[in-house]
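Enquirer: Chain by chain, the residues:
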Amino acid sequence: NAGVTQTPKFQVLKTGQSMTLQCAQDMNHNSMYWYRQDPGMGLRLIYYSASEGTTDKGEVPNGYNVSRLNKREFSLRLESAAPSQTSVYFCASSDRSYNSPLHFGNGTRLTVT
Amino acid sequence: DAKTTQPPSMDCAEGRAANLPCNHSTISGNEYVYWYRQIHSQGPQYIIHGLKNNETNEMASLIITEDRKSSTLILPHATLRDTAVYYCIVRFRDDKIIFGKGTRLHILP
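Chains A and B supply the protein sequences, listed in that same order. Residue numbers for the first sequence follow this note's numbering, beginning at 487 and rising by one. Residue numbers for the second sequence follow this note's numbering, beginning at 17 and rising by one.
One or more of the hints may lead you astray.
[To be verified] Here are the simulated DSS-like cross-link-like pairs (lysine-lysine), alpha carbons at most 27 Å apart as the crow flies:
1. A:K500 to A:K543
2. A:K495 to B:K19
3. B:K19 to B:K85
4. B:K85 to B:K112
5. A:K543 to A:K495
6. A:K543 to B:K112
7. A:K557 to A:K543
8. B:K68 to B:K85
9. B:K112 to A:K557
10. B:K19 to B:K117
11. A:K495 to B:K112
12. B:K117 to B:K68
13. B:K68 to B:K19
14. B:K19 to B:K112
15. B:K85 to B:K117
16. B:K19 to A:K543
17. B:K112 to B:K68
18. B:K117 to A:K495
[Unchecked claim] Chain A side only, calculated, beta carbon under 8 Å to chain B, not exhaustive:
19. M513
20. G528
21. N548
22. Y550
23. E565
24. V574
25. R582
26. P587
27. F590
28. G591
29. N592
30. G593
Read the hints as simulated data drawn from the structure, not as lab findings. Virtual Cβ for every residue (Gly too), placed ideally from N, Cα, C.
Working from the sequences, and respecting the hints, build out all of it.
Expert: If you want it as C-alpha cells, here you go:
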C-alpha cells in the first residue's frame, strides 16, 4: 500500500519555465490537497479538491493551476515559474469527513533560479 | 488565517511528559481537533484527533477542555525522536484544512 505518491522528488527550473507536479493516492480518498512549505515556515494551502471534478482555492493560489484528473490523481501546474515559488510542495489526501486524518506524500523540492 | 493558536517553541526534558497547548476558541460544534507532527522536512505525520472527549493512542493523549476552546497534546515520555514541529488544526466544514506555524518542540537530553 503506497499511500500518497508524489513525483518528482526534486526539480530545478529556470524562471519562466513550466512544470506539473503529480500526486496520486491509492486509499480511495475523496479529498486531495496541495500545500507549499517555505524554509522555516508552516504549510500553506494552495488548492484543494473535495471530490472528483471539483477544485477550490486555498490560501495562496496565485501562480498555480490544478487538475483533479480522477479520484486518484491531483496535479499542480506552474505555468511560468518564479523564484518566489521555490518551496517544498506536499500533496495530501483524506476521506471527506471531519473524522478522517490527512495522509501526506513525501514532498517535491522545487528550486526556481 | 489559521483558526488555532500555538506557542512557537517549547522545551521538554527527555523522559518527561511534553504538554503542547493549542487554542481554538472559534471551533464549531462538529469540527474535530487534529494534531500532526513534522520531523525535519518530511511530510507531516498524523498523531491523534478528537471531538469532545479525551483520546489516547499509542503515540499520545489529547485533552480537550469542556468548552472545546482549547486542547493539549501530551507525549507521556518524550524522547529525542519526538523533536519536531507539532501542528494543531481544526477541520473546517468546507474541507479547507489550514495549518498554522505550529510549535517547535525541542527535547533536551
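Enquirer: If a hint holds in the structure, say so; if it does not, say that too.
Expert: These are the hints, each one checked on the structure:
no. : hint             : result
1   : A:K500 to A:K543 : holds, 26 Å
2   : A:K495 to B:K19  : violated, 31 Å
3   : B:K19 to B:K85   : holds, 11 Å
4   : B:K85 to B:K112  : holds, 20 Å
5   : A:K543 to A:K495 : holds, 24 Å
6   : A:K543 to B:K112 : holds, 9 Å
7   : A:K557 to A:K543 : holds, 18 Å
8   : B:K68 to B:K85   : holds, 10 Å
9   : B:K112 to A:K557 : holds, 18 Å
10  : B:K19 to B:K117  : holds, 11 Å
11  : A:K495 to B:K112 : holds, 25 Å
12  : B:K117 to B:K68  : holds, 24 Å
13  : B:K68 to B:K19   : holds, 17 Å
14  : B:K19 to B:K112  : holds, 11 Å
15  : B:K85 to B:K117  : holds, 19 Å
16  : B:K19 to A:K543  : holds, 17 Å
17  : B:K112 to B:K68  : holds, 21 Å
18  : B:K117 to A:K495 : holds, 24 Å
19  : M513             : violated, 13 Å
20  : G528             : holds, 4 Å
21  : N548             : violated, 16 Å
22  : Y550             : violated, 16 Å
23  : E565             : violated, 23 Å
24  : V574             : holds, 6 Å
25  : R582             : holds, 6 Å
26  : P587             : holds, 4 Å
27  : F590             : holds, 3 Å
28  : G591             : holds, 6 Å
29  : N592             : holds, 5 Å
30  : G593             : holds, 6 Å
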